[in-house]
Amino acid sequence: MTLSVTLRRTGEARRAGSERSKLSRVAAQIGVIAGAIILWEVIARSGVLPASLLPPFSEVVVALVSLLGQASFWGDVGATLGGAMLGLVTSAVIAIPIGLLAGLSPFVERSTRILVDIGRSFPSIALLPVIILFYGTTLPTKLIVIVLACSFPLIVQTIYGARGIEESIIETARSYRIRFRLYFLRVALPTATPSIMTGLRLATTVAVLVAVGAEVIGGLPGIGQGLAQAQLDGASATAFAYFVVAGTLGFVVTRLAELLEARFLRWRPSDND
Amino acid sequence: MTDAHAPVTASARIGRVVTLLWLPVVLLIAVFWLTAGSTNIYFPPATTVVSTIVDGFADGELGAALGYSMTNFALGFFIAGIVGIAGGLFLGERPAIRGAFEPMLNFVRALPFVALVPIFIIALGISAAPKIALIALGCLWPVLLNTTDGVRAISPSILETSRSYRVGSALRLRRVTLMGALPQIFAGLRVALSVGIVMVVVSEMYGSTEGIGYYILFSAQRFAIAETWAGTFVLAAVGYLLNVVFVWIEHLTLGWYERRAPRVRGTRTARSAQKVLA
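Protein chains in written order, with the working numbering: chain A, 191 to 463; chain B, -19 to 258.
Isolated chain A (complex conformation):
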């Protein structure tokens, strides 16, 4: 009995200790962020760097607050997010079936391997000038660039997932003469889902990145264009505020994709190796 009390006490002590260390960790994290902001402010105020390269943090905050009250700013956010999400969905519709087919059939995988490798190493944004000649600075232009950029990593992840079907499952399906459609939807797709979700999460980040890049170069409406215009006007604090918004957007979208991935894959046994 004394033993169990002692055990419980040490357990409590340990828990209290871990809580204390957690608290000090959070304090350290806040300290790092505060330190970075102070450093930013000091460097910007000292005049070591051109003011148009690094405006002071305080001015960026002021610019950000005034941006948040402008309707055109929310239009830009909507254009970037909407374009990125539409492009993501389109590339999912194209890439997942191709990836599954290539993952199921070694012949298809080998036949498309070189094309997929070229496609995924090609910076799709380089096609922007050509696509602008076709469609002008419109939504389809942005979508094409995003779809090209997102599809190849997604194809690769889907192939990777579909190839992981166990031999015994393939044999079972074959011996029961499961038809291809059923096999495709009920065996291949669920097996590949974890890997597809990873691919989608990666593609989400890429979609936001490419959308902003296309807006910067192509002058397509969105955060990227707002940023470039602000910097051209000499309002670099506003340009930086746009950059912070773009970062927050990227962060939130990535976190959401991670949460969705975790939630969607709850059925799967954890593979924490």
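What the hints contain is simulated information worked out from the structure, not anything from laboratory work. Computed from a prediction, not measured in an experiment: that's the story for all the values here. Glycine included, every Cβ here is placed at the ideal spot set by N, Cα and C. Keep in mind that a hint or two might mislead.
What the hints assert, rightly or not - Under 10 Å between C-beta atoms, here's a sample of chain B residues computed to sit facing chain A:
no., residue
1, Trp2
2, Leu3
3, Gly79
4, Arg89
5, Phe93
6, Ile99
7, Ala200
8, Thr212
What the hints assert, rightly or not - Label pairs and their computed distance ranges (CB to CB):
no., chain 1, residue 1, chain 2, residue 2, range
9, B, Leu158, A, Arg456, 34 to 44 Å
10, A, Ser208, B, Gly(-5), 51 to 61 Å
11, A, Ser211, B, Leu153, 20 to 30 Å
Since the structure of chain A is already known, use the hints to place chain B on it.
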């Protein structure tokens, strides 16, 4: 799937090469055939594009553009590689500091660094230095974060063994920490490779008078479409070649790792695959 275990006969080897090449070759022939004699200004005959590429390299214009871009890329990538690996080893070995920096790094890695292109170029001009800085900045984070993760993933028993044998800290860093993190470092470098090429192209399209990105943009603005396609195909070829060379170097360096038991390798690559681009 089974061909890895089958004895490789000459005919099987030819069959493998054929399945690898037939589709790209068919597509290439189709492109040449469909565009032959084309009068559509957007799709000039493929033969014209090929001769534009040849001429472009012959008169030095395309070669110079490519040289400028690749020099910027190499410098930016190199700086990012050194700083990223060093910083990642440092953070990976010190859990307290790593923990303190974690939220900030998570935010920084979500930043779309292409958006910094106008800020840097308008503030610092269209010379090469701001572009190299942009490339380095874009490439840094995947290398840094992957290196950190790689160090963290080294089995504690390995670190304890090296501690109990009193392996010196310099030796441990070089032979244990660096080597243990190397697979993940390569995963990070590979992401940095594609990020770097995007940064090269965007920085040159935004503000430059040189480079392959400028070549593509400028020819498109003049409606010199054959040159636009020529530049685009050259860029695609270079991007592909860089990846091939990278995979080859990775294979040479990580041969010891790839030969390990497949199960262990599988779990590790699954994890690093998830970190790709993340």
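Practice task
List, from low to high, the hint numbers that the structure doesn't satisfy.
Solution key: none
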